[in-house]
Amino acid sequence: MKSFTVSKAVTALMLAGLVLLPLYSQASGNIFILTLFTRIVILALAAASLNLIMGFGGMMSFGHAAYLGIGGYAVGMLAQEGVGSGFIQFPVALAASATYALVIGALSLRTRGVYFIMITLAFAQMAYYVASGLARYGGDDGLTVYKRSDFSGLINLSNRTQFYYLCLACLLGVIFLIWRIVNSRFGLVVQGLRSNEQRMQAIGFPAKRYQLVCFVISGTMCGLAGALLANNTDFVSPAVMYWTRSGDLMVMVILGGMGTLFGPVVGAVVFLLLEEFLSQITEYWALIMGPLLLLIVLFGRGGIMGMLGRVGRG
Amino acid sequence: MLLVVEQFLNGLQFGLLLFLLAAGLTLVFGIMDFVNLAHGSLYMMGAYFAATFAAWTGSFLLGALLALGATLILGIVLEMSALRHLYGRDHLDHVLATFGLILFFNEAVRLIWGPAGLALPLPVWLTVPVPILPGIHYPAYRLAIIVVALLVALLLYLGVMRTRIGMLIRAGASNREMIGALGINIKLLYTLVFGLGAALAGLAGLMQAPILTVQIGMGENILILAFVIIVIGGIGSIRGAFLAAIFVGMIDTLGRAFLPNLLRQVLSGAAASTAAPALSSMLIYLLMAIVLVVRPEGLFPANRR
Numbered sequence: 001m002k003s004f005t006v007s008k009a010v011t012a013l014m015l016a017g018l019v020l021l022p023l024y025s026q027a028s029g030n031i032f033i034l035t036l037f038t039r040i041v042i043l044a045l046a047a048a049s050l051n052l053i054m055g056f057g058g059m060m061s062f063g064h065a066a067y068l069g070i071g072g073y074a075v076g077m078l079a080q081e082g083v084g085s086g087f088i089q090f091p092v093a094l095a096a097s098a099t100y101a102l103v104i105g106a107l108s109l110r111t112r113g114v115y116f117i118m119i120t121l122a123f124a125q126m127a128y129y130v131a132s133g134l135a136r137y138g139g140d141d142g143l144t145v146y147k148r149s150d151f152s153g154l155i156n157l158s159n160r161t162q163f164y165y166l167c168l169a170c171l172l173g174v175i176f177l178i179w180r181i182v183n184s185r186f187g188l189v190v191q192g193l194r195s196n197e198q199r200m201q202a203i204g205f206p207a208k209r210y211q212l213v214c215f216v217i218s219g220t221m222c223g224l225a226g227a228l229l230a231n232n233t234d235f236v237s238p239a240v241m242y243w244t245r246s247g248d249l250m251v252m253v254i255l256g257g258m259g260t261l262f263g264p265v266v267g268a269v270v271f272l273l274l275e276e277f278l279s280q281i282t283e284y285w286a287l288i289m290g291p292l293l294l295l296i297v298l299f300g301r302g303g304i305m306g307m308l309g310r311v312g313r314g
Numbered sequence: 001m002l003l004v005v006e007q008f009l010n011g012l013q014f015g016l017l018l019f020l021l022a023a024g025l026t027l028v029f030g031i032m033d034f035v036n037l038a039h040g041s042l043y044m045m046g047a048y049f050a051a052t053f054a055a056w057t058g059s060f061l062l063g064a065l066l067a068l069g070a071t072l073i074l075g076i077v078l079e080m081s082a083l084r085h086l087y088g089r090d091h092l093d094h095v096l097a098t099f100g101l102i103l104f105f106n107e108a109v110r111l112i113w114g115p116a117g118l119a120l121p122l123p124v125w126l127t128v129p130v131p132i133l134p135g136i137h138y139p140a141y142r143l144a145i146i147v148v149a150l151l152v153a154l155l156l157y158l159g160v161m162r163t164r165i166g167m168l169i170r171a172g173a174s175n176r177e178m179i180g181a182l183g184i185n186i187k188l189l190y191t192l193v194f195g196l197g198a199a200l201a202g203l204a205g206l207m208q209a210p211i212l213t214v215q216i217g218m219g220e221n222i223l224i225l226a227f228v229i230i231v232i233g234g235i236g237s238i239r240g241a242f243l244a245a246i247f248v249g250m251i252d253t254l255g256r257a258f259l260p261n262l263l264r265q266v267l268s269g270a271a272a273s274t275a276a277p278a279l280s281s282m283l284i285y286l287l288m289a290i291v292l293v294v295r296p297e298g299l300f301p302a303n304r305r
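Note that the protein sequences, when read in sequence, are chains A and B. For the first sequence, UniProt numbering begins at 1 and goes up steadily by one. For the second sequence, UniProt numbering begins at 1 and goes up steadily by one.
Simulated from the structure, these hints should not be mistaken for lab results. Even for Gly, the Cβ is constructed at its ideal location relative to N, Cα and C. Some clues are possibly wrong.
Claimed, not checked - A partial selection of chain B residues facing chain A, derived with a Cβ cut-off under 7 Å:
no., residue
1, Val4
2, Glu6
3, Thr274
4, Leu283
5, Tyr285
6, Ala289
Claimed, not checked - Okay, the calculated beta carbon distance ranges per label pair:
no., chain 1, residue 1, chain 2, residue 2, range
7, A, Ser279, B, Gly135, 35 to 43 Å
8, A, Gly113, B, Leu182, 52 to 60 Å
9, B, Gly114, A, Ala202, 56 to 64 Å
10, A, Phe299, B, Pro115, 41 to 49 Å
11, A, Leu15, B, Gly269, 21 to 29 Å
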């Protein structure tokens, strides 16, 4: 086991960059970069949660954006009804996402392969239409969150730097949790199920139950990202749940490197920076982004982490 | 009565249109084991080509024919340049690569045709209402869609089940190495199947174009519907796609037409008018969920493997 690899060095460099970013932003007076990276960190959290089931569990969820929406709507609806406390909003957001994941997971896990991809997609579309039908909460137009979650002086979400660090702490916490899960007995069973479900079942593990628990944990984590996202944009709309957003999350995971701990974070940073960079050069940024994705799939197996790994081995 | 017949026909017409889209998708998936998310983009391109060519030539029919050829060529070019390198890869690679293509096509369309939608006006002879039953008229164009789609469905069935090419296609679906070993040019066969799928999507797009506006992203909503259909029908099964498409088209159309009134019988007016639109959009997804729970392989799984 080598102690130093290129991918580890890049990961460390990126993390240091993320931690120091507010200092740079303050020193240079560039507020925009902080706002941009808050968004990146939140979506990296969502991508990491997807990676837990997709990369480690082999469950290709194409409906993960639904949790972003559910977490976001939990915050938005409570704020609308006058419940501004984050101590209530965030637990409700997590509980709502977990409940949704439990129901959807129990149904979806009856299928496998492409059917699983499609049924998760369909359920997310259902959530999208439910949100579009919520006339009291903005319907199609979405819901403005006039006041960010209130943590009674403990942390001020309206302060850009504090909010950024909160998001970063959540991201790192989630990645730590994923690391612990993946290396636990539970995580090993889930990874075993990815490689050979029949064999694991023959040994005596109740496959579906393990996968379902993993599915629910992933959904709950993504719900946290949703609650943060609603606070970041001060707005939540059905569009957050649209299926192309689930596709974006998938792209981030695969781009960075599926089944690696920090791959999704790298993927989210690269994907969103690329989007930002290309959109500054040309209005038609997707014209470049699309074929770029195609090329990455064709030539870059294992994503960026995979490529870095190959560089490291020379 | 009038309304019921009309909505019934609308459902049939929508279902047949969905079938054209789903047939291409399920052919490509069943035979080449390729998940093509960009199928909806080909549908969109069909509509844009038709609107453009119809404006150039001044003839709706000529424009439609040219558009059909153009999507066929586009599909073949796409397959030869990029997608053929992805066969045999993980499904996830297909999803990601074709997701990239969606971004590309949407943006390319915005660059070429601009962000505003296009309209494809119908010739006068297709706009007249046709009497179908005593006292009941139905728009000629929608009838034409029904006829064309049924014809295509029949041709597709005969082509796949009764011709030599169809036999090779079916053989390729069961065992690609074997028919390659028999000296069949499987690369060419795959290219042709993909082109056929693209042309079917284009046909669906160009026929739908005069009813809706031609706009960016129009393929995405309907692509999901097509996926729902092939999942309900059983992936790889043309028969399943046909029956499921009709079923979904009916449920979707009838649900939108009659669900609000039905709900009003049991709920208060305000609650009903809130719930009805969301519920009617959800109906088919509910249907799919129920089907998958009862029969995870779909209703009419292709009887191979």
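Do the hints match the structure? See the list:
1. Val4: 25 Å, violated
2. Glu6: At 25 Å from the nearest chain A Cβ, glutamate 6 of chain B fails the 7 Å test, so the hint is violated.
3. Thr274: Holds, because the Cβ-Cβ distance from threonine 274 of chain B to chain A comes to roughly 5 Å (cut-off 7 Å).
4. Leu283: For leucine 283 of chain B, the interface hint is violated, since the closest Cβ of chain A sits about 10 Å away, which is over 7 Å.
5. Tyr285: Hint holds; tyrosine 285 of chain B Cβ to chain A Cβ min 4 Å, cut 7 Å.
6. Ala289: 6 Å, holds
7. A:Ser279 / B:Gly135: 35 to 43 Å: 57 Å, violated
8. A:Gly113 / B:Leu182: 52 to 60 Å: Once the Cβ atoms are compared, 29 Å apart, the range 52 to 60 Å for leucine 182 of chain B and glycine 113 of chain A is violated.
9. B:Gly114 / A:Ala202: 56 to 64 Å: At 60 Å between Cβs, range holds.
10. A:Phe299 / B:Pro115: 41 to 49 Å: 32 Å Cβ-Cβ, so the 41 to 49 Å window is violated.
11. A:Leu15 / B:Gly269: 21 to 29 Å: Distance hint for leucine 15 of chain A, glycine 269 of chain B is violated at roughly 56 Å.
Comparing the model with each earlier hint shows violations of hints 1, 2, 4, 7, 8, 10 and 11; every other hint is respected.
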